[in-house]
Structures are given as C-alpha cells and as structure tokens.
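Trainee: Heads up: the protein sequence lines correspond to chains W and R, in order.
Heads up: the first sequence runs through residues 1 to 126, numbered per our numbering.
Heads up: the second sequence runs through residues 1 to 368, numbered per our numbering.
There could be a bad hint or two in this list.
Quick look at which bits of chain W chain R covers, simulated, 3 or more residues with Cβ under 8 Å [unchecked claim]: (1) 37-46; (2) 62-68.
Subject to a maximum C-alpha distance of 25 Å in a straight line, what follows is the list of computed PhoX-like cross-link-like pairs (lysine-lysine) [to be verified]: (3) K102(W) x K52(W); (4) K75(W) x K361(R); (5) K171(R) x K102(W); (6) K68(R) x K11(W); (7) K38(R) x K329(R); (8) K122(W) x K17(R); (9) K174(R) x K158(R); (10) K171(R) x K361(R); (11) K282(R) x K259(R); (12) K347(R) x K52(W).
FRET-style restraints, in silico, Cβ to Cβ [what the hints assert, rightly or not]: (13) W255(R) x Q34(W): 35 to 43 Å; (14) N141(R) x E5(W): 53 to 61 Å; (15) A321(R) x S2(W): 33 to 41 Å.
Since the hints were made in silico from the structure, they are not lab data.
The structure presented is a predicted model; accordingly, all values stated were derived computationally and were not measured.
The beta carbon of each residue, even a glycine, is placed where N, CA and C say it ideally should be.
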Amino acid sequence: MSITEKILCTKSHEYLLEDNGNYIIGLTDYAIEQLGDIVFVELPEVNTEYTKGDTFATIESVKAASEIYIPVSGKIIDVNNAIVNSPEILNEDCYENGWLVKIERTGDDSEFSDLLEYEDYKEELE
Amino acid sequence: MVKKTYLHEKHIELGAKMVDFAGWHMPVQYTSIIEEHKNVRENVGLFDVSHMGEIFVIGEDAEEFLNKIVPQNISKLTNGKAVYCQLPNRNGGLIDDLIIYKLKENTYLIVCNASRVDEDINWMSLNQRGYNINLDNQSHNLSLIAVQGPKSIDLIRKLGYKDNQDSFTIKEDKLLNIPMYISRTGYTGEDGFELLVINEYVEYLWDKLLEEGKEYNVMPIGLGARDTLRLEAALPLYGNDLDENTTPVEAGLSWSIPKNKLDNYNGKKVITEQLENGAPKKLIGIKMLDKSIARHEYEVYYKGEKVGVITSGGVSPILNANIAMAYVKNIKEICLGTKVQVMIREKLHDGEVVKRPFIQKRNKVTRS
Numbered sequence: 001m002s003i004t005e006k007i008l009c010t011k012s013h014e015y016l017l018e019d020n021g022n023y024i025i026g027l028t029d030y031a032i033e034q035l036g037d038i039v040f041v042e043l044p045e046v047n048t049e050y051t052k053g054d055t056f057a058t059i060e061s062v063k064a065a066s067e068i069y070i071p072v073s074g075k076i077i078d079v080n081n082a083i084v085n086s087p088e089i090l091n092e093d094c095y096e097n098g099w100l101v102k103i104e105r106t107g108d109d110s111e112f113s114d115l116l117e118y119e120d121y122k123e124e125l126e
Numbered sequence: 001m002v003k004k005t006y007l008h009e010k011h012i013e014l015g016a017k018m019v020d021f022a023g024w025h026m027p028v029q030y031t032s033i034i035e036e037h038k039n040v041r042e043n044v045g046l047f048d049v050s051h052m053g054e055i056f057v058i059g060e061d062a063e064e065f066l067n068k069i070v071p072q073n074i075s076k077l078t079n080g081k082a083v084y085c086q087l088p089n090r091n092g093g094l095i096d097d098l099i100i101y102k103l104k105e106n107t108y109l110i111v112c113n114a115s116r117v118d119e120d121i122n123w124m125s126l127n128q129r130g131y132n133i134n135l136d137n138q139s140h141n142l143s144l145i146a147v148q149g150p151k152s153i154d155l156i157r158k159l160g161y162k163d164n165q166d167s168f169t170i171k172e173d174k175l176l177n178i179p180m181y182i183s184r185t186g187y188t189g190e191d192g193f194e195l196l197v198i199n200e201y202v203e204y205l206w207d208k209l210l211e212e213g214k215e216y217n218v219m220p221i222g223l224g225a226r227d228t229l230r231l232e233a234a235l236p237l238y239g240n241d242l243d244e245n246t247t248p249v250e251a252g253l254s255w256s257i258p259k260n261k262l263d264n265y266n267g268k269k270v271i272t273e274q275l276e277n278g279a280p281k282k283l284i285g286i287k288m289l290d291k292s293i294a295r296h297e298y299e300v301y302y303k304g305e306k307v308g309v310i311t312s313g314g315v316s317p318i319l320n321a322n323i324a325m326a327y328v329k330n331i332k333e334i335c336l337g338t339k340v341q342v343m344i345r346e347k348l349h350d351g352e353v354v355k356r357p358f359i360q361k362r363n364k365v366t367r368s
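Based on the provided sequences and hints, a complete structural model is requested.
Mentor: In structure tokens form, the structure reads like this:
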C-alpha cells in the first residue's frame, strides 16, 4: 500500500497519517510543488496543544511565508528537526523524510469528517 | 484583461509556473528559483522581459525635455550611451525609475517598468508643453529578451555578435538576420545583454538562444529568480523600494544624481536640499543573523523602538543567508555593523546592517 493510500488530506494541503495510534502531519506533494524551493521551516515545541485549524508551523518558500494548520486537535509529541536544518528535504520527499510533526490526538472522531482521501483531494484540486 | 507576451506559449511549453504580474501573465519559475538564480551567476539565463515599457522620445527638444524630467544630465550622453535615471514628481517622489538610451541626435529610448508605463506616459505628456518632441510608446510592438550571466557574451557571439560593447551602451545590429537593438544592460548584477526586437521575431530569437545556448548551460529564468538576483545586487524594484513618496536620495540613489546640473528638473528643490542636508529616511541593507526571512513591509526596530520597514527581503542563494533592504530613520547610530531587529510573526529577529550590494557586481565591462 503506497503512502498516499493511507493519508487523509485537508483542503489547505496538510496530510494526516496514522502511526501506531498517534498521527504524523505533513504537507502534500501538491502543496510542496506549488510552493517551490522551501527555505525555512518553523516548528512548534513538543507538548504544545492545538485545536483543529490552529496555525502550528510556518513554511517559507523563496517567494512567500505560509502558515500551516493542524488537521485535527492534538498535542505535539515529536517534531522533525532534520527539516529545520535542511528545509530542502521537503522538496525531495514530503512523506517519508519530510514530515513535520507527530501528535497525540485530543479531539473526537467528528474532526475527521472534512478530511479527504488522497484521490478525492486530488480530484478537488482539478 | 491580463496581457500575454509573444513568448507566452513558449513559457507554457517549457512548463513554467505562471503568475499575474503588473497586468501580465508571466513565468515566475521554470524549474526552481534557486537553481535558476545560480545558473545566471555561473552560466547564462534568458529572461522574457517583454512586459517592460519602451517609449521613444524624438524631436529637436528631446534632450532639453529629458533634462526637465530626470535629475540626470542627459546632455552628457553621447550617441549609443545609456544612463540609469529616475522620474521624480515635483516633490522629488518617484513616479518610476528608467534607463534612457541615446540612440542618435534627437532620438532617445526610455525603458521603464511594466507597472508604470501609463503613469509615465501621463506624466511625460503633462510635462511636454512647449517642447518640440514626439512621445512614441512602442511597448505593444516590441519584445525584450535579457541574456544575463558570465557566459552571455559567448552565447550571443555564437549568434553572430562581433562587437564587445561597453556596459551601458546600445547599438543597432542584426543577429540571425533579425534587426534589433542590443544593449549591455540588465537587472541581475551580472554582465549581460538586452535584445529589443519587434514582436514577430521574438519567438525565433528565443528558440535560437535556447538551442545555441545548450553548450553554455543556458536556462530560461522566471520572475522569481529575477527578484532574488536583483535583490543580491541591491537594485531597487519599483513598488517595493521606490514609490511616489520616496526621493532618490532616500532610496540610496544619490550616486546617480549629478550635483551641478543646471537645468531645473522636476523635484530639484527637494532633491538638492536632501543631497546637501540629508533626508528623513535612508535605505539600508540588512543581513539576518539567524535563519529567519525578512520580507516586504515587516517592521524594523533599533533598541526597542520601531525605526522603519523592510522594502524587499528574501534569500540570497549565493551568500546562503537571508538579506533585506529597509527604510529606516536617518540617524547616525544606524550604520554599517549596527544590529537591528526585524519583527517576524510577532518575534524580533536580529539582523546586521551591511553594505549594498550584498554581492560583488560583475557587470562593469569596458573595452580594453
């Protein structure tokens, strides 16, 4: 099963991937393609709690700064420091190595209702 | 309606990402802004800058008229020479910045910003009374390709160019049998040429430049890299660094203004007063001391007090650092080496005042 078959996406281009009961959050390949060269990543502190829709990170391409929204409520349990030091990892691979944070969910399942499977997300873009 | 250059189809074929800029649908990048940027510094790049304005000023009073509308001394221009100019209003604020080329006696070419063609024409028309000149806006008939980078000379030589003209000169010539104006100018801080042709020839010229340029690693370059290149070279961008409330003295362009010009040009009173006594604000270069990126309109602080605003900022792919230009209060405490702070997402980040340009420019070419 490819990774894009396992993720859920937001219309603002974040993805959510289940990982042993917790969730990995990143940006979709479409988002990365649109941004172009990523040159700066700002990630939150571990243990910070966010409510669905909050800004939790900032990603900057050469052209502009973009806020990244959390797809479901949760507490940050891990951040990908490698991309802070080498933002270009995101341009190479936004799923395996270029993930942003890991969270422990704090919201209820209704928060999943507006998330899209990758195929449906791609269709929405067209 | 959004305008398209005669190379629009070519950009789409090359897979460019397109954006609206100054009323034109233009390529912002083809592959990667950073890759395109480095290729111009190391090899050669092609820019479609056909959106820019070309206005011919022709007539027996052309020199006198131009001396009225710019602070620079047009009388010093000899045939084939070019000069970087500004177009001030009566308060010294800038309506545009321009390059003026003297093609021959009584015939000048003005190349201006795409976003300002209409304002420039309006302003020049308002100033035209009493001068025997004709203002001929040819922007819609002409296309412009910039060939920039250390290998630009090799590339156009391959197309038949035999000369080695000085920087800031223009000549009428033929390459590939296409009549054109060739000027040794650009907006990157590199050596390079700008080729001005009538629209019908531009696709052929573009294709030939890409084809013949393969051995020099030529790449098409979008507006994204055009912006990062000009920022490294600290060349001002109208709308970011220049506007109608900013004088050329404030904009750090005093070097371009002769102090002894006799003609009474628009804005002279304010500009000469500021040349002598200083202006309320000044342009500085900033290098960020962490990884943060200062961008247009972010606030600048010095010792806890807001002292100015970023006009242009971003990454420098060559310095591998983030750089910016800002207008700050003209106080002597803020000078080279001073630490200032930039407010980025509600946090202050340290930057250091550094000299402009941020890189060594390599566009000074003179015949040996």
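Trainee: Work down the list of hints and note, for each, if the structure agrees.
Mentor: Hint check results:
no., hint, in the structure
1, 37-46, "holds (count 4)"
2, 62-68, "holds (count 4)"
3, K102(W) x K52(W), "holds (14 Å)"
4, K75(W) x K361(R), "violated (49 Å)"
5, K171(R) x K102(W), "violated (62 Å)"
6, K68(R) x K11(W), "violated (55 Å)"
7, K38(R) x K329(R), "violated (34 Å)"
8, K122(W) x K17(R), "holds (19 Å)"
9, K174(R) x K158(R), "holds (13 Å)"
10, K171(R) x K361(R), "holds (23 Å)"
11, K282(R) x K259(R), "holds (19 Å)"
12, K347(R) x K52(W), "holds (24 Å)"
13, W255(R) x Q34(W): 35 to 43 Å, "holds (40 Å)"
14, N141(R) x E5(W): 53 to 61 Å, "holds (54 Å)"
15, A321(R) x S2(W): 33 to 41 Å, "holds (38 Å)"
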